[in-house]
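**Student:** Here is how the chains run, residue by residue.
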Amino acid sequence: MIHIICALKCEAKSLIAHHRLKVCAESASFPLYMSQDKQMSLTICGIGKINAAAATAFTHAFLQTGKQDIWLNIGIAGHKNLDIGKIIIAHKIVEQSTQQSWYPQILFSPLCRSMEVLSCDHPATDYTDTVFSDSIFEMEAAGFYATACRFATSELIHVVKIISDNQQHQADKISASFVAGLLKDKLEIIEQLITSLRQLAKDLDSPNETPDYYGQIIEKWRFTHTQRNKLKSCLNRWHVLCPDKNPMKFLDGCLQSKEVINQITNKLDMFPICF
Amino acid sequence: MIKTIYIEKQIANHPRTREILARFPDTTQIYCDRYGEIFNRKAQSFRLQKKQPALILAKKHKGFVLPAPEAYGIGAKENYYFSHMMNCLYDCRYCFLQGMYRSAHYVLFVNYEDFANEIENKIQKTDEEIHFFSGYDCDSLALEPVTNFLEYFLPIFRKHHKTLLEIRTKSTQIRTLLNTEPFENCVLAWSFTPDEIAAALEHKTPSVERRIEAIAKLQEKGWHIGLRFDPLIYSSEYQSQYRKLFADTLQRCNPELLHSVTLGSFRLPKGYFKSLQKMYPDERLFSSPLEETNGMFGYKAQIQSEMLNFCRKEILNYIPEKIFFPCHDIL
Ligand code: SF4
Numbered sequence: 043m044i045h046i047i048c049a050l051k052c053e054a055k056s057l058i059a060h061h062r063l064k065v066c067a068e069s070a071s072f073p074l075y076m077s078q079d080k081q082m083s084l085t086i087c088g089i090g091k092i093n094a095a096a097a098t099a100f101t102h103a104f105l106q107t108g109k110q111d112i113w114l115n116i117g118i119a120g121h122k123n124l125d126i127g128k129i130i131i132a133h134k135i136v137e138q139s140t141q142q143s144w145y146p147q148i149l150f151s152p153l154c155r156s157m158e159v160l161s162c163d164h165p166a167t168d169y170t171d172t173v174f175s176d177s178i179f180e181m182e183a184a185g186f187y188a189t190a191c192r193f194a195t196s197e198l199i200h201v202v203k204i205i206s207d208n209q210q211h212q213a214d215k216i217s218a219s220f221v222a223g224l225l226k227d228k229l230e231i232i233e234q235l236i237t238s239l240r241q242l243a244k245d246l247d248s249p250n251e252t253p254d255y256y257g258q259i260i261e262k263w264r265f266t267h268t269q270r271n272k273l274k275s276c277l278n279r280w281h282v283l284c285p286d287k288n289p290m291k292f293l294d295g296c297l298q299s300k301e302v303i304n305q306i307t308n309k310l311d312m313f314p315i316c317f
Numbered sequence: 091m092i093k094t095i096y097i098e099k100q101i102a103n104h105p106r107t108r109e110i111l112a113r114f115p116d117t118t119q120i121y122c123d124r125y126g127e128i129f130n131r132k133a134q135s136f137r138l139q140k141k142q143p144a145l146i147l148a149k150k151h152k153g154f155v156l157p158a159p160e161a162y163g164i165g166a167k168e169n170y171y172f173s174h175m176m177n178c179l180y181d182c183r184y185c186f187l188q189g190m191y192r193s194a195h196y197v198l199f200v201n202y203e204d205f206a207n208e209i210e211n212k213i214q215k216t217d218e219e220i221h222f223f224s225g226y227d228c229d230s231l232a233l234e235p236v237t238n239f240l241e242y243f244l245p246i247f248r249k250h251h252k253t254l255l256e257i258r259t260k261s262t263q264i265r266t267l268l269n270t271e272p273f274e275n276c277v278l279a280w281s282f283t284p285d286e287i288a289a290a291l292e293h294k295t296p297s298v299e300r301r302i303e304a305i306a307k308l309q310e311k312g313w314h315i316g317l318r319f320d321p322l323i324y325s326s327e328y329q330s331q332y333r334k335l336f337a338d339t340l341q342r343c344n345p346e347l348l349h350s351v352t353l354g355s356f357r358l359p360k361g362y363f364k365s366l367q368k369m370y371p372d373e374r375l376f377s378s379p380l381e382e383t384n385g386m387f388g389y390k391a392q393i394q395s396e397m398l399n400f401c402r403k404e405i406l407n408y409i410p411e412k413i414f415f416p417c418h419d420i421l
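Taken in order, these protein sequences are the chains called A and B.
Residue numbering for the first sequence follows the working numbering, starting at 43 and increasing by one per position.
Residue numbering for the second sequence follows the working numbering, starting at 91 and increasing by one per position.
In case anyone wonders, no lab produced these hints; they're calculated from the structure.
Only a predicted model underlies this, so the values are computations on that prediction, with no experimental measurement involved.
Mixed in with the good hints, there may be bad ones.
[What the hints assert, rightly or not] These stretches of chain B come out as covered by chain A in the derived footprint (C-beta under 8 Å, 3 or more residues): (1) 123 to 130; (2) 247 to 257; (3) 325 to 335.
[Claimed, not checked] Once the Cα atoms are required to be at most 30 Å apart in a straight line, the calculated DSS-like pairs of lysine-lysine come out as: (4) A:274 with B:132; (5) B:212 with B:149; (6) A:262 with A:244; (7) B:364 with A:262; (8) B:212 with B:167; (9) A:300 with B:360; (10) A:244 with B:132; (11) B:390 with A:287.
[Unchecked claim] Label-pair ranges, simulated between beta-carbon atoms: (12) B:359 with A:266: 39 to 49 Å; (13) A:233 with B:381: 15 to 25 Å; (14) A:270 with B:274: 58 to 68 Å; (15) B:359 with A:316: 25 to 35 Å; (16) A:244 with B:289: 48 to 58 Å.
Note that CB positions come from ideal geometry on N, CA and C, so glycine has one too.
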């Protein structure tokens, strides 16, 4: 699954339209949208890192997100002189108030440049302030990233920002429709990023929690919690070594769960290991 | 190809850092305070990072030279290892580094001078023969074009005849070695598993044949070679596979320049094994007949002892016992 966190509705508008996301009526705390196939969610968090952190945690709890889910914070940001409309992916996020840093891992080739993002507590007014150095500045990335890292693997968590204001075109000139337009123009790059992340997520195998035959076996014999774990690991091994064979065939004479595990283990130890 | 380099601010101006950064002008260069901010973070996937590892240039502060694990010994009483790097270009499925580290990025400690001081200290403190091993937390040569490890460390050992340096590798990056005068107390040690096993488990490594060719070239030049059949990997065909491997390697080595041959069993601490199994649930190696003994996962005792004894007998058809160092599990 993929979860997108945007601060403002206008930042989310084109994503909602493009993916035909529908508002989820049961979500009371934050406006949350879902795709029909339930593979994409988008939560509007409001401005600031605390809102971003809270909405990320809420999305996790509300949707029971998994370790292999993709998380994106997409929104607008300022920079002293980068062109308006430039899209940036964060390779470092610094929380201005604490100077704590995070380093999103970009393991694919994005179609946009990567830069440092400075997460501020207040909107920036002086674009020449040396505190910003060459970073782009915004207000949600640190709250979002630190929280999302608790729920998923960091390689699948990213922050994408589109420059909406600079020294020449300052934040007070921004309107909601202008922001929506900026995001719409960059949809293609965002979609490419999503595709790359989906590809990456496919490589995150994890042991099957309900291997083949598991249900059948625990219905027939009584297993303790520890034995169930052992059985799962035996059946996962079975799946690797002899996926075409049915272990049930070898369990006919077993009276107890212990015998089932022993019988499967003995069989497994006899299967040839070929490299 | 390295696309991202993280640089600890405190070594940003170290000449070695500057030299490496100059060689990679097209990389994204990101500054950090301590390498642990990237390398030791929770919620990382070693498996995903292995697809595109970054290079981290850092300073090591302590633990430059450490006592070597017992299994590493090849005859001396005092054995140490040192690691100028953490992690490896290659991707062997049995590698314990995958279980030990959270990140697959390469960490290069650029302060070689501090390693050298500590090595000198250890040498000064004893009259005994000391062996030093490189290639425990990384492959010593795989990133040689980036690290220039050999250029710096070989001269240190060349002048200390009572030491022995073992450089362990699977790499064929031997250009520097071919352009360097060999010396007695340096052993270049290659690890091997049979072709079929290497192809299945030692991803991104040079083939067995290419390693043998590298060895042949280096022996021609006069370098001493070690062969490390470590870890021994079980397959139903292990006897024919290992018999062929021993013939291919031992028969083609010049016995006068063959320093030592070791044999090691496949063993992993339980915690590492579990992480690896979780990372690669479909890997056949982890579905082999393994068992846990005293917190270590390895082949079931009977298989292990059969394999070790078979390999021992085969190896001794080619070499004298005095240069053979089997692991302690052998019966
Ligand atoms: S070559 Fe050695 S260090 Fe590198 S991955 Fe293989 S086992 Fe690990």
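**Student:** Against the earlier hints, flag every one the structure doesn't satisfy and list their numbers going up.
**Tutor:** 2, 6, 12, 13, 16
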